[in-house]
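Undergrad: Listed below, chain by chain, are the residues.
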Amino acid sequence: MFDVQTLLILIPVLPLAAALATAALGTRLLRGRSHVPVVTAIALSFVASILLVFQLQERIDERAAQPGSSRAAGVEEVVARWSWINVPDAMPHPVDGRAETPGWGNFNIEVSLRADPLTAVMLAMVTCISMLVAIYSIGYMRGDPGYWRFFAYVGLFVFSMTMLVSASNFLLLYVFWELVGLCSYLLIGFWYERPAAAAAGKKAFLVNRIGDVGFVLGIFLIWTTFGTLDFGGVFQSVGQHAGDWRVTAICLLLLLGACGKSAQFPLHVWLPDAMEGPTPVSALIHAATMVTAGVYMIARCTPLFAAAPDAQYAVALIGGITALLGAVIAITQTDLKRILAYSTISHLGYMFVALGTGTLLGITAGMFHLITHAFFKALLFLGAGSVMHAAGGVIDIRRLGGLRRRLPVTYWTFLAGCLSIVGVVPLAGFWSKDAILLSLHDRSGLFGGGLFEILYLTTLLGVVLIDFYMFRPLFLVFHGQEKIPPEAGDHLHESPGSMTAPLVVLAFGSVVVGAYFEWTHGFAHFLSFTPSFECLAQSGHAAIDTADKWRVATIGSVLTAIGIAAAAMLYLGSGKAVARLARAMNVFGLYSLSYGKFFFDPIYNVLVVWPLLSVARLAAWFDCMAIDSLVDRCGRIPKLAGAALRPAQNGLVQFYALAMVFGVLVLLGIMLM
Amino acid sequence: MNFDQLLQNVVGDTIGPGGSLWAFRPEMTLCATIIAVLLAKIILPGWKSSAYYITLAGLLAACFFAFPWSWQQGDMPAAKTIFTGMLIADSFTVVVRGLLLGFAVLFTTFTQMTGVWDRDDQAEFFVLMLGSLVGMCLMISANHILVVMLGVEMASVPCYVLAGMKRNQPVSSEAALKYAVFGAGAAGVMLFGLSLLAGVLGSAQLPTMTARLIQIIHQGVSPDQTLVLSLGGLMLMVGVAFKLSAVPFHFWAPDVFEGATAEVAAFISVASKAAALGLLVRLVAVFSMPSGLTFPEGISLPPDQLAAVADLGAVRQYIVAIVSLLAAVTCTFGNLAAYGQTNMKRLLAYSTIAHAGYMMMPVAAAAALVGSDVLGAREAVAALVIYIAIYLFMNLAAFAIVAFLRNATGSEEIADYAGLARRSPGLAVCMAIVMFSLVGLPPLAGFPAKMTVFLALIDAKLWALLFVGALNTLLSLFYYLRVVKVMVISPEPLHREAPTIPLTSMVGSYCALLTVPVVALFFLFGGVLYWARAAAHTLFN
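Order-wise, the sequence lines are chains A and B. Just so you know, we're using this note's numbering here: the first sequence kicks off at 1 and counts up by one. Just so you know, we're using this note's numbering here: the second sequence kicks off at 1001 and counts up by one.
Hints listed in this document are in silico derivations from the structure and should not be mistaken for laboratory results. Be aware that a few hints might be false.
Result set (DMTMM-like, lysine to aspartate or glutamate): computed pairs, CA atoms no more than 25 Å apart in a straight line [stated by the list, open to error]:
1. B/K1485 / A/D623
2. A/K639 / B/E1413
3. A/K639 / B/D1416
4. B/K1485 / B/E1413
If you want the ones that stay clear, here's a sample from chain A, every Cβ over 10 Å from chain B, calculated [stated by the list, open to error]:
5. D3
6. Q5
7. Q57
8. W223
9. L324
10. G393
11. P408
12. D548
13. L612
14. L645
15. A648
16. M660
17. L667
Residues of chain B placed beyond 10 Å of chain A at every Cβ, according to the derived structure [to be verified]:
18. M1235
19. P1248
20. A1321
21. I1322
22. N1407
23. L1494
24. H1495
Just so you know, even glycine gets a beta-carbon here, dropped at the ideal spot from N, CA and C.
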């Protein structure tokens, strides 16, 4: 019964059914119990995802046990449900007359889901985090008038996200790409009566549109180049297009799409604003799952990117810039959730950098970081939510302090998250960070090494910066003098069990998941059987030198230790040292730049938003004044003509008869002429 | 040939296997139903709805006989004349008759549901309706000027009575009288025209008349003959135009529609129109193309078929000119006059006039095409059949909703529909769908109907007519959507609430049943196209 096909269908369908049930019954029947169907469905989906992982693991073991088989062949199972669009001979032969392209001409889109290691890993991560966040939301959203609406949206999101990672062609991927975007929009603007939330939702939606335009153009170009949109078909025939400029163009367009969804420079501006949504949403969608869709997409399209090295450099470069940018901005922000948002941007940048290396090592490292990051970033966000819950909605770290004794569970789990994210041995963050560093170090010796050398150094700098921006909120909020904002009232207390339990589970995950994966070598081995990574295995090179491994790990750990020590000195001591440092940095304008988020928003306002708005206003004015009045005037003509004709219908038969005779005569006259 | 042999031939032709009566079974069923309804009223006075059930059974039986079962096996018979050349039995007859009978089934149910006729009047109403239907069946299969005249009169006279059947309402009687007077005048003109044509051409059978016409034209036609022929043709057209309510012979329509009940208006606006168009197609087909049918009198065509076709060029030009002129004027006038109407039935009357204009357009296209492209001409006629089929559902649904709302509120004013969208959302949606479809917006059936008509015009290169048609579609948007606007946006009047008719009620589900095809036929257009092409298949042979 639990074969791959059934599981693949069950995983997305259960949350969808729950979402529909909640939407239908939420207002009347469920009310305060609206979480029941969604939480249950997501939990079942999670179980199904784990079963799917085991099923695939079994197959991989079988494959590995076969003596003659090469490691190169991936493990996958594609389940086509039904044909969505089928247009035979949709397109004539391409302009340059290549007839041999496989599958050319038939525009055939099947609703097909795939199971392969990459998908299975994403599914397990998505459903696991979703389940924990959904459980957390029971406590966090309790009493909200939109309680049922929240869970219906979450169910819809989980459906879309699971479909996104299991889709087996580009069009289906795009559909669910948009659908998660819609869920994100709905959930950012969940408290739509607050103008800031509504504006943030709109901003996220519009900025994502820019990326989506790139994505959809990329899909068009894939269709015209390869004649199919199916992953398998495209990736198999990409070899025939090596060196083709179109492949590079496709990759760059897909990268634009990924930049929008994964909040990479220069389209990262929407993510910090998205923190206007409820905190569980920030944890689920804007930290752990949806924003990693771009990373997933680039990992999925590895064969394309492998055929376009220039695009790979672009991925690494964008990732590097974003990683540094996010880290620098995060240092000076005062809103805890925004600090975490910039940290997310920065970490997504690391994943891009890792993917940009274009080696199996790098891509595995990127995906590894994606998983560990999901755990500790979800944990940190939920911890921030717990603080917010206790402090009456206050999230400004300058107004909080010494909450360690009031919120013990939150404190300890937050600390675990912090230690994990900065990469303290042997927590999860250490292993994935180490893997990324190692892949960069490995790549820096090869061709194009200059770029990766710089990126390696940048990442090391990031390792120091992250200590500052993560320990600063930790020290300010939980240590030092106790500061409780008046909004919290006099009953500041630890969050209920439904909120702390997920925190504990996530903290446990943040601590052990990396070490488990690393020591068993299970993750890399499992992932390397993804069909998309076949092309890398063939060009795989020698194992990493053990000495290199130790060197990178040591450098990383030493830098982390130095960073933590410096941060502790700065932020646990008096504020004077911080102020002096800020003044020193401001000599180069760095502090103002960081505090002002590098002024992306005002610059975009002047360069993009304002000109567009002006054109729109002009068009609206023209429409109202010129076109509308013209249309109104034209509209009066038939009315007048009608009014002129109506008196003829005067009800007198004599007149009718006369008109008839007259009509015959006129007609006769016309006909005889 | 002695008398006995002649009698043998006639009997064999009439009642023999595959004879005339076999093809005439649906009409005979209708006649039998009429008798049965009248007898039931006398014999079974206790049975309340006897007229309805007998009529329905008779119509269903007629539908059964009319349905071309043999076509399923891909066996589509060629056109043939029946009753010694008086009628034509071909696929056009079969399909259009099927549409009329199908409409009658829906219509009968509809009148029973509105309950507009009390029990005493019910039998008369159905008898008149059935009689009119027989006349319409004759109109669409006419092959002889006597049958043309007979069919038109048989279809019209019961309608005059139907229009005035609400005896206690003066406005109804007035409408009936106007209709009768106007109809009598039109019939007179038509009869005069027919006698002029018969006089010059020396025959009363239509294909024979065409053959004579070709001979006359071939030998060179004198100016006197031209004048008489043109006048005769024009006067014949007047009769058809009256039935079609084409401008300027439309004056009866708004008054009759307003005076008569909505049920009768629906019958006149759909069945009567369809039959008139069928007759128009018959006349155009017979006069624009030498017929391949055999002539009983032994007159044969000139040996050169191509020359014969060429000889009729002037006739075709005449037909195209007169039909497109009437179509353009009718369409434009109907749409313009519909502006500012406050009574829903009057609005629908002008809408009917406008649609008559649209439906005459493919006939003009067919006449323009037939000389050079017979297949194109058949496509044009197919476009007309499509339009009739879709128009049937749209207009019946519109009138049905009007009638049900009249029963609920006693008003047929558009202003009284305010607030309908809130009180009876299902009914308002049905009405909105019908209105949008009448405009011809996708994804509703009115769109492919208009599209095929316009495609036929493009095919025939009748650009002016195409322009008029397109412009009129735009014009019609305003007044149809005004109804929707009143239903949906206008504030509910304080003194009276809009009626509450849920879709789950009998009445509501009937409206929904009529509205479903208006949507579905857009998606199932292939089926409609198949039947329409089958209908046109045997024309212009």
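Undergrad: None of the hints should be skipped; say for each whether it holds.
TA: Structure-based check of each hint:
Between B/K1485 and A/D623, the direct Cα distance comes to roughly 23 Å. Compliance with the 25 Å bound is thereby established for this hinted pair. Proposed proximity of A/K639 and B/E1413 is supported: the alpha carbons are some 19 Å apart, at most 25 Å. Of the supplied pair hints, the one linking A/K639 and B/D1416 holds, its CA atoms being roughly 22 Å apart against a limit of 25 Å. A C-alpha spacing of about 14 Å is found between B/K1485 and B/E1413, which places the hinted pair at or below 25 Å, so the restraint holds.
Annotated as non-interface, A/D3 keeps its C-beta farther than 10 Å from every C-beta of chain B; the closest such distance is 37 Å. No beta-carbon of chain B comes within 10 Å of the beta-carbon of A/Q5; the shortest separation is about 32 Å. Interface exclusion of A/Q57 from chain B stands, the closest Cβ pair being 47 Å apart, more than 10 Å. Taking the minimum C-beta to C-beta distance to chain B, about 26 Å, the non-interface status of A/W223 holds against the 10 Å cut.
The claim that A/L324 lies off the interface holds: its Cβ sits roughly 53 Å from the closest Cβ of chain B, which is beyond the 10 Å cut-off. At roughly 40 Å from the closest C-beta of chain B, the C-beta of A/G393 stays outside 10 Å, upholding its exclusion from the interface. Every CB of chain B lies more than 10 Å from the CB of A/P408, the least distance being 57 Å, so the non-interface label holds. Once the 10 Å rule is applied to beta carbons, A/D548 is consistent with being away from chain B; the minimum gap is 65 Å.
Under the 10 Å C-beta cut-off, the non-interface status given to A/L612 relative to chain B holds; the minimum distance is some 32 Å. With a closest Cβ-Cβ approach of about 5 Å to chain B, A/L645 is found to fall inside the 10 Å limit, against its non-interface label. Some Cβ of chain B comes within 10 Å of the Cβ of A/A648; the nearest lies about 8 Å off, and the non-interface call is violated. In this structure A/M660 is not separated from chain B by more than 10 Å, as the shortest Cβ-Cβ distance comes to only about 6 Å.
For A/L667, the non-interface assignment is contradicted: its Cβ lies about 6 Å from the closest Cβ of chain B, within the 10 Å cut-off. B/M1235, annotated as away from the interface, has a beta carbon of chain A within 10 Å; the closest lies near 7 Å. In this structure B/P1248 is not separated from chain A by more than 10 Å, as the shortest Cβ-Cβ distance comes to only about 3 Å. With a least beta-carbon separation of about 7 Å from chain A, B/A1321 fails to lie farther than 10 Å from that chain, contradicting its non-interface assignment.
Distance check on B/I1322: its Cβ comes as close as 6 Å (rounded) to a Cβ of chain A, failing to clear the 10 Å threshold; non-interface status is violated. At roughly 27 Å from the closest C-beta of chain A, the C-beta of B/N1407 stays outside 10 Å, upholding its exclusion from the interface. With a least beta-carbon separation of about 28 Å from chain A, B/L1494 lies farther than 10 Å from that chain, consistent with its non-interface assignment. Non-interface call for B/H1495 relative to chain A: holds, since the shortest CB-CB distance, roughly 28 Å, exceeds 10 Å.
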